[in-house]
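Just so you know, the protein sequences line up as chains W and R, in that order.
For what it's worth, our numbering labels the leading residue of the first sequence as 1, then goes sequentially.
For what it's worth, our numbering labels the leading residue of the second sequence as 324, then goes sequentially.
Hints in this document: simulated from the structure, not taken from any laboratory.
All residues carry an ideal CB built from backbone N, CA and C; glycine is no exception.
Hints are supplied without guarantee of correctness; some may be wrong.
[What the hints assert, rightly or not] According to the in silico footprint, chain W covers these stretches of chain R (three or more CB under 8 Å from chain W):
1) 522 to 536
2) 630 to 643
3) 657 to 671
[Stated by the list, open to error] With beta-carbon atoms standing in for the labels, derived distance ranges:
4) R/Ile455 with W/Phe178: 43 to 49 Å
5) R/Leu430 with W/Asp217: 47 to 53 Å
6) W/Gly69 with R/Ile406: 56 to 62 Å
7) R/Ile455 with W/Glu87: 32 to 38 Å
8) R/Phe353 with W/Glu87: 36 to 42 Å
9) W/Pro246 with R/Leu329: 30 to 36 Å
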Amino acid sequence: MDTIKYIIKRILQTIPLLIIVSMISFFIIRLSPVDPLAELKLNPSVSPETVEKERARLGLDKPIIVQYGKWAISFVKGDLGVTSTGEKVSQKLGERIPNTLLLTTIVILLTWLVGVPLGIIASVRWKTNLDRILTVLTSIGMAIPSFFFAVLLLMFAVKSGWFPIGGLTSPNFADMSFGGKFLDITHHLILPVIVLFTISLAGLQRQMRANMLDVLDSDYVKFARAKGLSENAVIYKHALRNAVNPMITLLGFEFAGLLSGAALTEYVFQYPGLGRLILEAVLKSDINLVMASLMMGAIMLVAGNLIADILLIITDPRIRSKS
Amino acid sequence: MIRDLLKALWKDKFARIALIVLGVIYIALFLADFIAPYTKDFSDRTMAYVPPSKVFTIDENGKFSMPYTYNYIREFDSETLQIKYSLDRSQKHYIKFFSKGQPYKFLGLIPMKRHLFTTDSDGRIFLLGTDINGRDVFSRLLFGGRISMTIGFLALFVLFPIGLLYGGISGYFGGRTDMIMMRFAEGVMSIPSFYLLIILASILPSGMTSSQRFMLIVLILALIGWAGFARVVRGMVLSIKSEDYVQAAKSIGASKLRIITKHILPQTTSFVIVAMTLSVPSYILSESGLSFLGLGIQQPDASWGNMLKEAQEFTNILYRPWLLTPGFLIFVSVLAFNLIGDTIRDVLDPKSKVR
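So that you can see chain R by itself, here it is in the shape it has in the complex (with noise of 0.2 Å):
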């Protein structure tokens, strides 16, 4: 069946260029180590909010030439009161490839120094510029996004088996113990569920080790979810248990906990697939959502959310727009995964005509 929507989905023609971004974004994210020239933590306080690096093919003589590139200089124009970067052209550095720069664990196991590309050790290579801090936008983008693109997946695969069990025992058993666990997952449902977020991220001690917080921001995410997949799945399976199969089960004796899990669950397969497709956005704008307001990942980790915390002031909207890098980037694979889950489930689910 997977082999069937993988190939359903290279036949569509927006699906399969939505595959390949994110096939791009993921091996990027994965060998984020290499490619990015500096590490997560590198910072140069000279060097804040410098802009994005110029890389030169051509020299001043009008011939071709390795590329290479000039650092910035910060001046502080006290006439006008404003800082001002301006090109070194008294030294070029020259862009090297492959070659050996900052060490770095790849993956955090294997020690390797070699990046994709660096300069030299005087030369700072900035091709997205740097933030308030000096540190280099492109590499913490990298970074950011192994968090922001993989907290999703995680909160789903927490979430989902939640939901499926609360959904299968409430709509299995019936009665008084469907009429309490659906009033309260319409409890939950009923704060809005931003507010349910924000809440719940506040109230997270602050003396918290970043995988620690990242682990609980998963979990959070997750208590967000649960109530209203739950309430499908328990419509499903109010249907699914009259089955005969369902019947024949029971006679034989299975426990009420494996026919919910053997015989009635599997049968929601397919809406699953679908309903996880098409959250996962959902759960990717939420975390860059809290982060932004500063309650999800904190600094010095980076997501995209809390890089583009720094584009709330006026001043770095209009002066230094690459520190809204990042808002594209979700933008780009929320749209993606959209595309990608329109289209699933059209394949899964034909007479459905939403897209």
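Just chain W, same shape as in the assembly (with noise of 0.2 Å):
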């Protein structure tokens, strides 16, 4: 029962968290000397009453606060205005949004079942040269710029003729077959998965590692191998429990991580997520689409961080006790 209690304070927490970063994007974005609407003028597609229409769900001609009064009404209701091209933004978002959080997600799965096994094991054999190997390896890991990276990846590609060059599906993507679409998908995937793969299991292998040298040297450890369990029994059941937990908290910043490494990465790779997304929104000054995927960028961040909280409540005990 205080579990949920726990969670529910914390998801509440949420809410004025977002008021804030709707706001600090809102002021930024009005900072701009760009006409918001200019895009859209120019577009001949766009009828004279779509604009006008937009005019007054901004309400341009008003205070900036009543703007962003309306700006957060209209965000609520679910209606995110349109693009400069005359398109739905929700529409948009909806299209991108499940690429990133597929490509984050297997990353993040990939890092774990990578990374955690390997700060374990240089832990272990802490000082040896399978521990100083792995360092290094990271080391490098972490010095890749990832567009850089990814534009070697993209010519190997190019080179070898073994991966599809950028985007998430083939041409003929429809006319496939389900156990087809999938192959092709995973295909198109794993370029940009090892970019943000390798750039993102350094900093994870060496928390881990950390935390286990830390408890490695904890009291309870030297009591457990005292009492003359085995080394593995000591490892796996009394010192990785607790060296797991502050991994936890982590993900949520991985995941924050991941999200702004996943926009270099896509842009390289042409791939449909919300980064490029961004990019391309920024690059037209398409103010609609920037302060909602800006939204969705931070929204996703936090839920993030909230899922972390949640699941570090349900493995940790000692939080639920102080709460």
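Taking the hints as your guide, dock the two standalone chains into a single complex.
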């Protein structure tokens, strides 16, 4: 019961946070000297009525506070306005967000599957050659600029012809069977996943290693060893459980980092995700789209942190008793 | 303390290599005008996308000779529809050291003409080929490095005072001030940083001089990182403010600002040094990412990021791999900074074993 209460409290806390985020984003965008409707007006396929409707919806002739209020109300109602090409922003976001979520979820799963064991191995073999090699490899992974790595992989894809170049689906995607579709998407995902995986693995492995080293140094592990437990039992039963908890907090941060890193990777691979959407929107100064995707990015980030916190409540009983 | 730190860095094998690499890079960047055979804006339009010059030390008779090079000739092959480059073997161009070449102002002040190496006025020496405008990639790497390798430090010098003061005030005052200030910082942190970065960069007005733009990019980079830093500082201040000497300062009537800046914040020094060295690479990466997208440093100025912009085209990646060299330099310098940062953390914070 306490757990549920705590979770609800934690969910409610995100609401003021999102309001603050929306205010910050709104005022930053309004700092821009660009007329928010300029692109829309220039587009011949958008009728003057649509432009007029947008002007009224945004309240552009009113003071900025009123504009913010109007924007916030329509945002909550789910009306995100139209893009400069006259499409619905919400529809556009609906196409892109699942793609970004797909990419980041796969990367997080993979980094955890690989990073946590590697961290454990490095800590158990602390200061051996294996540990040093892993440290060097992770240093290299951390230092490659994501976009540069993406460009190199793209070069490899073009030269070898083993991988499709950019996008998420092949042109004949619609005609494929279900299995074919699955394979096609997997094929397209491999390269972007490799880039993001390499970059985020390093941080995770190092953190896991540090946590394990801290825990292995603690009294209860010494006690367990003194008791004559086997090394495996000490590591996997006693140490690991405590070392993993701080990692869950990191999950939220990792998600935040991935959203940022994904933007450049998506751009290079022409991957239809949120990061590339916001980039295109920024370059075209499509204000509605920028604002909406900024908010969506923030919501995803906040949700990521929220999930991490809730997981932590479930795995770490100490937090429940504290609240 | 700084001396001990340097000593410890020198003792560590990896950190020593990293220090030497960075030292070489920074010296080369400092002497960029002299080392580069061409100025930043030199361009030879007839020499677009020329591959790296070949330098010969053995002549056609198989004898040793002074190093010389041949110019490239650009030809359009009407059958394969490709542009081909071949060496013009009719004329040798000897490489001359410490001789006069294009005039420049050393560090923007002292007018000079001598370059580390050049060739005669008809010859061209492009150690790393040229870009689309026929500009020497090697020279531009040096000039671009000046921007890429300093912008991170400048951003940190803007960001750290802000973060320190913000975190200091928030932690020291506590209560409602703390609540409001921290919610605001969390709000900034809740926007994916790269999204915020590109949006701030995109609202910069277009008609700016390059130095104005440079300063604003520094400011934007600083705006991204301060919130996370301020939060950590606040946490530290919360524990420091109950110390006896802070109470003592309070009792003799020191002002709040004085207590924060003179008594509390100095205690965070070692953390600040660690945090600074660890975050330099991320600012180098942010700037290069931003310029790569065309939102950071603009042409004709060079930065390693905007030089890589050309690597976005398939034909360039495949047929002109020398255009990728800035990426390797970013990689090497970020790696070096990371290695140094790790060692500094080990020295200042022996308990942490992240490495």
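Going through the earlier hints one by one, which of them does the structure break, listed in rising order? 8
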